[in-house]
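Got chain A sorted already, so can you dock chain B onto it with the hints?
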Amino acid sequence: MKTLIFSDDGEIAAQMCAYLKEGFENTIATLKGEEGKCRRSGARSMFVFTGQPTASNLSGALRKLKDQNSVDLVFIGSTAIGRDTAGLLAGSGGLKPISEVTSVQFSNGKATTARFLYGGKSVLTEESDSNLFVVASGISEASQTENETEITEMPLDHSPVTVEGEEQKSKGGVDIEKAKVIVSIGRGLGKPEGLKLVEQLASAVKGEVAGSRPVCLDYHWLSEDRQVGLSGKKVKPRLYIALGISGQIQHIAGMRGSRTVVAINKDKSAPIFEECDYGLVGDLYTIVPKLVAALTS
Amino acid sequence: MPYNIIVLIKVIPDLEQIKPNPTTGEIVTERTPLRLETLSENAIEAAVQLKEKYGGKVFGLIFGKPESAPMLKKAFAMGVDDGIVLTGYKGNNPVYTAEVLCGKIKGMQYDLIISGNQSADTYTGLLPGIISGKLGINLLGNALTIALEDRKIRVKSTLEKKIQNLSATLPAIVSVTQETNQPRLPPVMQIMAAGRKQIVTEAAQPQTMPGTVQISNRAPRSERKRQLYEKPEEGIAAVARAIKEEIR
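Going down the list, the protein sequences come from chains A and B.
In case it helps, the numbering used here puts the first sequence at residues -2 to 294.
In case it helps, the numbering used here puts the second sequence at residues 7 to 254.
FYI, nobody ran anything at the bench for these hints, they're computed from the structure.
Just so you know, even glycine gets a beta-carbon here, dropped at the ideal spot from N, CA and C.
A few of these clues could be false.
[Stated by the list, open to error] Computed, partial: chain B to chain A, Cβ under 10 Å:
id	residue
1	Glu32
2	Gln124
3	Asn148
4	Thr183
5	Ala248
[To be verified] Derived pair list, reagent style PhoX-like, types lysine-lysine, alpha-carbon separation capped at 25 Å:
id	chain 1	residue 1	chain 2	residue 2
6	A	Lys(-1)	A	Lys29
7	A	Lys193	A	Lys168
8	B	Lys250	A	Lys233
9	B	Lys110	B	Lys57
10	B	Lys79	B	Lys57
11	B	Lys112	A	Lys166
12	B	Lys237	A	Lys263
13	B	Lys162	A	Lys168
14	B	Lys168	A	Lys168
15	A	Lys168	A	Lys29
16	B	Lys231	A	Lys177
17	A	Lys29	B	Lys167
18	A	Lys107	A	Lys177
19	A	Lys29	B	Lys168
20	B	Lys167	A	Lys175
21	B	Lys112	A	Lys93
22	B	Lys96	B	Lys110
23	A	Lys93	A	Lys188
24	B	Lys250	A	Lys203
25	A	Lys231	B	Lys231
26	A	Lys177	A	Lys193
[As the list claims (entries may be wrong)] According to the in silico footprint, chain B covers these stretches of chain A (three or more CB under 8 Å from chain B):
id	stretch
27	31 to 43
28	123 to 135
29	273 to 280
Excised from the complex, chain A in its bound form:
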């Protein structure tokens, strides 16, 4: 089957391409500047969009590519602009969408997909005749082929929604999705000064520091690219240490793939303890120094 794969994040585009290996002829599309992350994905052809992207001109460009290449299935990475683009393709292009898929299989002209529902409390498995798949990041590991796919640049059309300017967000410079060990903090840390202690533990276990939604988005104790959760990064480290994280279901959905989970929380009934291998009930400011001492001795 002929596919068209798009993400404004080259890494997610590469992941989708790696996932759709057997029996697919992939055309990949991304934004200028992201092509390096997905050039060795084994795609048959590759388009790089130039100019200011909006959901409007991206959906127009993808519709054009889909028609020109008689594409059967369209895959779009689930990012803010990706979801809007997919919505437009479904709303005015007649494509049948299914969103946030974490797996997809095809047989007899039908797609069987899985996605989280109720904020991650359940996994919904469905069969449909969808032909537009919005794919959650982390559907597979991006793999590298030997050959680079040849790039065709494609200028984006004028958009009725104008980009008048843009500002880059500050970033932590890490990719926590690839981290082997993560020390993650929640509201229970109480104050940003507590990060010092967290970093001591992170250094003892050679891990990256990550956090829950409030810590990253409301309090800005950590940069946004360190947020773990359904609306943030989905991580699968060997070891995930949750400090002062209550374990809201949306957070669990972002770290469920971790191999071993250690939780420290003073509330015995915190839901994180249902989702951990080892739990220590108590004040993290008392426990973490002792744990660091035990680890470094």
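Structure of chain B alone, referenced to chain A:
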């Protein structure tokens, strides 16, 4: 100048109270209490703030079930002027939901539609785009701020790595995020006044939902060890051993 704003409001089961069937893992939500979806509260707040700043009216549109009707009163208490509950919601299907909503919206006078960017229960995030496509109006997604000037709208749109300053002409649909604002807690007088307001309901059209076949809806399996130490000093050595094992 005053603007007519439609705010799309979703009513969802209270996620914290959803419990899987302990033997099958299947999720049943029929008896779970309902609440206003998180992002819908941000959308209501954004709409009411625009009304307070520029004048105009805010109309709340719910596609739900008859039981969703009381939730419109909460929207009224927050400052929504008028609204309707379309009944007949059968499950998550953004294309069908958009069809129902657009059918209603097409007969209305409006300048701006506001919704959440991704609802807390399904996270599909497709509805604003589908509605934009179906109505042929501009989409400005993931807005942190919204400003209006005559027939022009400007938003700061938050993407993963950057913020875009977008502008377009009205009518338009805007989606907001959880960070856009802090939804207000309405004063008691407004809650009481809203309680007295009549709720209008109407059967959604079309009534048949195309679509998908549900194969299963189960809680993900958790095979964690759950070794809990209520006296942490007893557990630190064991936990340190387990950690060392993983980081070798």
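Hints, verified against the model:
Restraint check, Glu32 (chain B) versus chain A: the minimum CB separation of about 8 Å is within 10 Å; hint holds. Because the beta carbon of Gln124 (chain B) sits about 7 Å from the nearest beta carbon in chain A, less than 10 Å, this interface hint is met. This hint holds: Asn148 (chain B) has a C-beta 5 Å from the nearest C-beta of chain A, less than the 10 Å allowed. The restraint placing Thr183 (chain B) at the interface with chain A holds, with a minimum CB-CB distance near 9 Å, inside the 10 Å limit.
For the restraint placing Ala248 (chain B) at the interface with chain A, the shortest Cβ-Cβ distance is roughly 6 Å, inside the 10 Å limit, so the hint holds. Taking the CA atoms of Lys(-1) (chain A) and Lys29 (chain A), the gap is about 23 Å. The hint holds against a cut of 25 Å. Proximity of Lys193 (chain A) to Lys168 (chain A) is assessed by CA-CA distance (about 19 Å); at most 25 Å being required, the pair is judged to hold. Taking the CA atoms of Lys250 (chain B) and Lys233 (chain A), the gap is near 18 Å; set against the 25 Å cutoff, the hint holds.
For the suggested pair Lys110 (chain B) and Lys57 (chain B), the alpha carbons sit about 22 Å apart, so the restraint of at most 25 Å is met. For the suggested pair Lys79 (chain B) and Lys57 (chain B), the alpha carbons sit about 18 Å apart, so the restraint of at most 25 Å is met. Under the criterion of a C-alpha separation no larger than 25 Å, the hint pairing Lys112 (chain B) with Lys166 (chain A) is inconsistent with the structure, at around 38 Å. With a CA separation close to 11 Å, the supplied pair Lys237 (chain B) and Lys263 (chain A) stays within the 25 Å bound.
Note on Lys162 (chain B) and Lys168 (chain A): the hinted pairing holds, with a Cα-Cα distance of about 18 Å set against a maximum of 25 Å. A threshold of 25 Å between alpha carbons decides the hint, and for Lys168 (chain B) with Lys168 (chain A) the separation of about 10 Å falls inside it, so the pair holds. Simply put, Lys168 (chain A) and Lys29 (chain A) have alpha-carbon atoms about 20 Å apart, close enough for the 25 Å limit, and the pair holds. The suggested pairing of Lys231 (chain B) with Lys177 (chain A) holds, with an alpha-carbon distance near 20 Å, which does not exceed 25 Å.
For the suggested pair Lys29 (chain A) and Lys167 (chain B), the alpha carbons sit about 14 Å apart, so the restraint of at most 25 Å is met. Our distance criterion of 25 Å between C-alpha atoms is broken by Lys107 (chain A) and Lys177 (chain A), whose separation comes to about 36 Å. The suggested pairing of Lys29 (chain A) with Lys168 (chain B) holds, with an alpha-carbon distance near 15 Å, which does not exceed 25 Å. For the suggested pair Lys167 (chain B) and Lys175 (chain A), the alpha carbons sit about 18 Å apart, so the restraint of at most 25 Å is met.
At roughly 22 Å between alpha-carbon atoms, Lys112 (chain B) and Lys93 (chain A) fall within 25 Å of each other, so this suggested pair holds. Taking the CA atoms of Lys96 (chain B) and Lys110 (chain B), the gap is about 17 Å. The hint holds against a cut of 25 Å. Proximity of Lys93 (chain A) to Lys188 (chain A) is assessed by CA-CA distance (about 46 Å); at most 25 Å being required, the pair is judged violated. Under the criterion of a C-alpha separation no larger than 25 Å, the hint pairing Lys250 (chain B) with Lys203 (chain A) is consistent with the structure, at around 11 Å.
Between Lys231 (chain A) and Lys231 (chain B) the alpha-carbon distance is near 21 Å, which keeps this suggested pair within the 25 Å criterion. Pair hint Lys177 (chain A) plus Lys193 (chain A) holds up; C-alpha atoms about 21 Å apart against a cutoff of 25 Å. Under the rule that three or more residues need a Cβ within less than 8 Å of chain B, the assignment of the stretch 31 to 43 of chain A is violated, with 0 such residues. Counting residues of the stretch 123 to 135 of chain A whose CB lies closer than 8 Å to any CB of chain B gives 5, so the stated coverage by that chain holds, three being the minimum.
For the stretch 273 to 280 of chain A, the assignment as covered by chain B holds, since 7 residues bring a beta-carbon within under 8 Å of that chain's beta-carbons and 3 suffice.
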